[in-house]
Amino acid sequence: MLIQVLGPGCPKCVELEKSVREVVAEAGVEALVEKITDFQKIAAFGVMATPGVVVDGQVKVVGRVPSKAELKEWIAG
Amino acid sequence: MKPIEPIGCACATVNNNDSRPEKSGIAGKIAAIAAASLVWYLVYRQLEPFSRFFAYDLLGLSESSHLGEAVAFFVYDTPKVLMLLTIIVFFVGILRSFFTPEGTRKILAGRRESVGNVLAACLGIVTPFCSCSAVPLFIGFVTAGVPLGVTFSFLIAAPMVNEIALVLLYGLLGWKVAALYLVTGLAVAIVAGWVMGRLKLEGQIEDWVRAIRTDPNLVPDSRLTMNDRIQSGWIAVRDIVGKVWFYVLLGIAVGAGIHGYAPENFLAGIMGRDAWWSVPAAVAVGIPMYSNAAGIIPVVQALLGKGAALGTVLAFMMSVIALSLPEMVILRKVLKPRLIAAFIAVLGFGILLVGYMFNRII
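Protein sequences, first through last, are from chains A and B. Heads up: the first sequence begins at 1 in the numbering used here, then just goes up one per residue. Heads up: the second sequence begins at 1001 in the numbering used here, then just goes up one per residue.
Rather than coming from a laboratory, the hints here were simulated on the basis of the structure. Just so we're clear, the structure is a prediction, and the values are computed from it rather than from any experiment. All C-beta atoms in this analysis are idealised placements derived from N, C-alpha and C, irrespective of residue type, glycine included. Any given hint could be a false lead.
Claimed, not checked - Just a few of them, taken from the derived set where beta-carbon distance is under 7 angstroms, the chain A residues facing chain B:
#1 P8
#2 F39
#3 Q40
#4 A43
#5 V47
Start from the sequences, fold in the hints, and give me the full structure.
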């Protein structure tokens, strides 16, 4: 599983990445967490508001930090 | 491309870590909001008499003393502005949940310029926007066929004209200043964007931006229930009021100090309406400074209280918020230097005009 956290490095994005890593660890799934700071790549996902989460190429959320429950749904569910 | 350094981002963190909306009846929630609004109103009306009671009866300060006036002002204004901020941010938070960057882009794509500029500036007020996202938003707009000038109208209005700035200006300086700010802020965004469009600088966008092909359907539509929307109102309150209250207190404390003690006119000479060069100076000083609307209000309050002219101060405020060096550095990733220079020149000129106009007519 590939989880990409989109964000240029604002506080929210840092928070989100931490949150994602925690959920991955808690759920015990095998996943590669990748932080994407490059605007070119972020824009290529069609994302206009950061932070965002992409799971296996699918944009799950943009413009906000999702709750851990939501993250768990996408990652473990 | 190098990743951008983290900057202090002047935007709301919409964070709902602990929000699992319980499935209570929507009617009950709306009734609760109505009841809370009523209580809000009743308390709000008592603030002024209470502040007088507190300062003059309870503390026994004289009504004509500077200290008495300052204390009454502080005790009145603090809850007043915080209460206004809370209720406005709550309802704007709900309103905002109806607008997304994707939806706004859909409205703006392929618009004719003049109409598009007006729409973009107005949508800039209600579309959730964070200066961290300025670049992805710019790319998203331009690649989807939103004209360059229309995109700029949005990028100027979004950070500059927002509910926080308006509430604070209304609460601290009165509705006239707030209305002036709203109208001139929109006007600057519309006109500056329109002029940018006329300059035909589309070729000055970095080439890789044009090469990006995105599928606008990649981002899922957010389907929100009314419950979610109310929830986002609360999140906005917690987030924004939690962050902004300190600036509010600072602004009011400054205001109380000025209110109670005779205003020194020490700035009147250098920032008064007769000093023609004060407006360009205010704009120039504002460019390297970067702050959100809340942070700049205490300064505005202090400057006005010390005899600075309204036009000069408004120009300063707009320059700090809309024309910031850090944002230009971010935008440099997508714009070539000539386009950045044109943007600074056009927007700076617009702000100058606003400053001069108000110094003339008020």
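Among the hints numbered above, which are violated by the structure, and what are their numbers in rising order?
-> none
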